[in-house]
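J.: Let the sequences and hints guide you as you build the complete structure.
For the protein sequence lines, the chains are A and B, in the order given.
Sequential numbering of the first sequence, starting at 997, is according to the working numbering.
Sequential numbering of the second sequence, starting at 139, is according to the working numbering.
It should be emphasised that the hints constitute simulated quantities derived from the structure, not laboratory data.
Be aware that a few hints might be false.
[As the list claims (entries may be wrong)] Now the stretches of chain B that chain A is said to cover, found in silico as 3 or more residues with beta-carbon under 8 Å: (1) 277-283; (2) 312-319; (3) 469-482; (4) 559-566; (5) 586-596.
[What the hints assert, rightly or not] Simulated restraints, written as ranges between beta carbons of each label pair: (6) B:Pro566 - A:Thr1244: 54 to 60 Å; (7) B:Thr369 - A:Asn1214: 57 to 63 Å; (8) B:Asn438 - A:Ala1060: 33 to 39 Å; (9) B:Gln153 - A:Asn1191: 56 to 62 Å.
Here a beta-carbon is modelled for each residue, glycine too, at the ideal position from N, C-alpha and C.
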Amino acid sequence: MKKSTSKTSELIGSPKQKSHQENGKVVENPWSTLRSYTDARIGLGRAGISLPTSEMLGFQLAHAQARDAVNLPLDIETLREKLSTFSAGRDSQPARAAQTEPAKCCTPCPPIALHSQAYDRMTYLQRPDLGRKLNDASRNSLHRYMAEQGGEAELKHDLAIVIADGLSSLAVQQNAVPFIQNLVTLLQDDPQPWNLAPFTLVEQGRVAIGDDVGELLNAQVVLVLIGERPGLSSPDSLGLYLTWQPKTGLNDASRNCISNIRPAGLVYEEAARRALFLLREARRLKLSGVNLKDRTQDGVIENRAQNKNFLLSDE
Amino acid sequence: MSHTYRYILGSHTYQFKDLAELMAKATPQRSGDRLAGVIAQSAEERAVAQLTLADVTLKTFLNEALVPYEEDEVTRLIMDEHDSAAFAPIAHLTVGDFRNWLLSDYATSEVLAQMRQGITPEMAAAVSKIMRNQDLILVAKKCHVSSAFRNTIGLPGHLSTRLQPNHPTDDVNGIAASILDGLLYGNGDAVIGINPATDNVAQAIKLMHLMNDVIQKYAIPTQSCVLTHVTNTIECIEAGAPVDLVFQSIGGTEATNSSFGFNLATLAEAQDAAQSLKRGTVGNNLMYFETGQGSSLSANAHHGLDQQTCEVRAYAVARKFNPLLVNTVVGFIGPEYLFDGKEITRAGLEDHFCGKLLGLPMGCDVCYTNHAEADQNDMDNLLTLLGVAGCAFVMGIPGSDDIMLNYQTTSFHDALYVRRVLGSRPAPEFEDWLHKMEIMGSGGKHVLSDAIPGPFARSLKSVGGGLR
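T.: Below, the structure is given as structure tokens:
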């Protein structure tokens, strides 16, 4: 709910400004123009010292949307259909993703749907331990896949991409597929090939469930795409976690994270570029976590113009 | 030294295998204790545990360490620095007697202040478990704790705010916009404190300079802080950065703190380094600690204790370093530790009471996340209750929405609401500045001026054209 910034600069600081609106005695804040610098809810104005009605109700709407993002179930079928466009399997029906270029086939079969041990949302919210583990049926699905595809030889994958609902199915529903399209393109251009496991879609999953999936799929690296804790102004933030040699029982110190992937945050192209950097570095160094540094941002601080802001300037 | 506690109720004998289990089962219900598997199995068991705990003598807590002395430097700190002379007047009491004593007219603000060093975190936690919300408020209000750096925090009748101008990319103008908004709403006397989006030394130094320049230019009697890791702050000081306050998240066990990457010696080193800068003008309290129930369990470092007892042990760590501010970030951790508005409210009142009783300048981040069963009404309630209880400071953020940390905390408006309904005032030095700048009328009526003060208006004018 960003308000339009239509105030004129003549109003700023003018002692003659007419600050009380016609209706309801709301005092407006002329510095609301500064919202071009931030999404923070500045310059809201006030009724006495309280929030004006419009701002108070706008907040309630944003909170309602964030709450819905937590409770909305992941639409597995739609996601599976979209992701099938990446698979080479005979039975996949490429969806008509008209707005994007057709994806190149890169996974051996259509996505596999999985579920954590948290059987519903209430359990998921109160028992993070259960959201980190696959249920038995899901483990069996992965065992079956490995046996069918591998046969006698030991089946290995370079990379498993796991998509989990996390705390915002909205984030996953909207951002997972376009991000993957960007990443897959980069992976296909990488000089050292990436042999991908089938995509997996996990319901009621937390980040560490990627360790279970990655281990069962015998993957060298696992990337977990997961809905982050929804913010009031960002109910659709997608997070990415990378773990080298995933194995049940690892902790956060062995992961790398890229956060806030969404059109109004870290855009897909940039997120995919950073993910590729981390993937290549993980493969080169054979590790992930605290010792794998994201250097894609080095130099940004140094290169930035002076540390000046408007509060330090005088006319 | 541990032994079994028993309570006979009718034909049923309840047993609690040790003091830790008794404490955990006596704790008012919350999801984190369920997650840890230490919660009472029934409402009756909880009530019986409280009755049993009420009969435990305070001395027991000096003889039965809940986390082994040999394994844990927080336990050693608690035991080694216990002041038995201060403890003497209450040494004969049970936990139940202690509640009566605290509520009694004998326990005045002066008496409570003399007592502080004789009370251990476990004693405070134990008595809080058998106190109702009104008890927690009444006793906390009697505990006067103030601290000072460039202004004085925690005086009776005063409520300060941390201005929290976070920005998801640390954009300097975005941060400055939120600082301006907060100042013009009379917020920012506890500290102007930024959680950096990019957490490294170079970024911290940049943000320190930003805030220092603003504080100097407008001669604001307040202090700044970048909430980065304590070891980063030490590096910032070595690099000559203008460090006012040293921040660190702390927990109640050595293992928790080691998972946070520090120990007591690290904090002492940072405190020494920052004090050597002599940047305080009216006092030299310069540590800023944040805590929150659930952090030990989340670090798998709770030693089988309930989360509230772990939390209060963290206050022993805080107390060692004479902080300016201690902030319990009560609803940030999520519903797996505090499920709903009711649990968050109870935890906020417990933390505030226990901190004040132990002598800390206790503030509270009255907050919730979008996956908790809570909303603004719950925050209004807790904010009001804490205001009544004499909380030293709360957060102030534009429109309650932290766009960097993705949670909701109290707004600039909320602080003015609670000041107005309770008649509480900002830190005196800061209040003088608000009058001088004509941001707020004098006389404690909390009336904001409609016009923008001259110096700020000039700065705004400089960007006004660019915004068109």
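J.: Taking the hints in turn, state whether each one holds.
T.: Hints versus structure:
1. 277-283: violated (count 0)
2. 312-319: Result for this restraint: holds, n = 8.
3. 469-482: holds (count 4)
4. 559-566: violated (count 0)
5. 586-596: Our answer is that it holds, as 8 residues pass the Cβ test (under 8 Å) against chain A, meeting three.
6. B:Pro566 - A:Thr1244: 54 to 60 Å: holds, 57 Å
7. B:Thr369 - A:Asn1214: 57 to 63 Å: violated, 38 Å
8. B:Asn438 - A:Ala1060: 33 to 39 Å: Given range 33 to 39 Å: holds, Cβ gap about 35 Å.
9. B:Gln153 - A:Asn1191: 56 to 62 Å: holds, 58 Å
Checked against the numbered hints above, the structure violates hints 1, 4 and 7; every other hint is satisfied.
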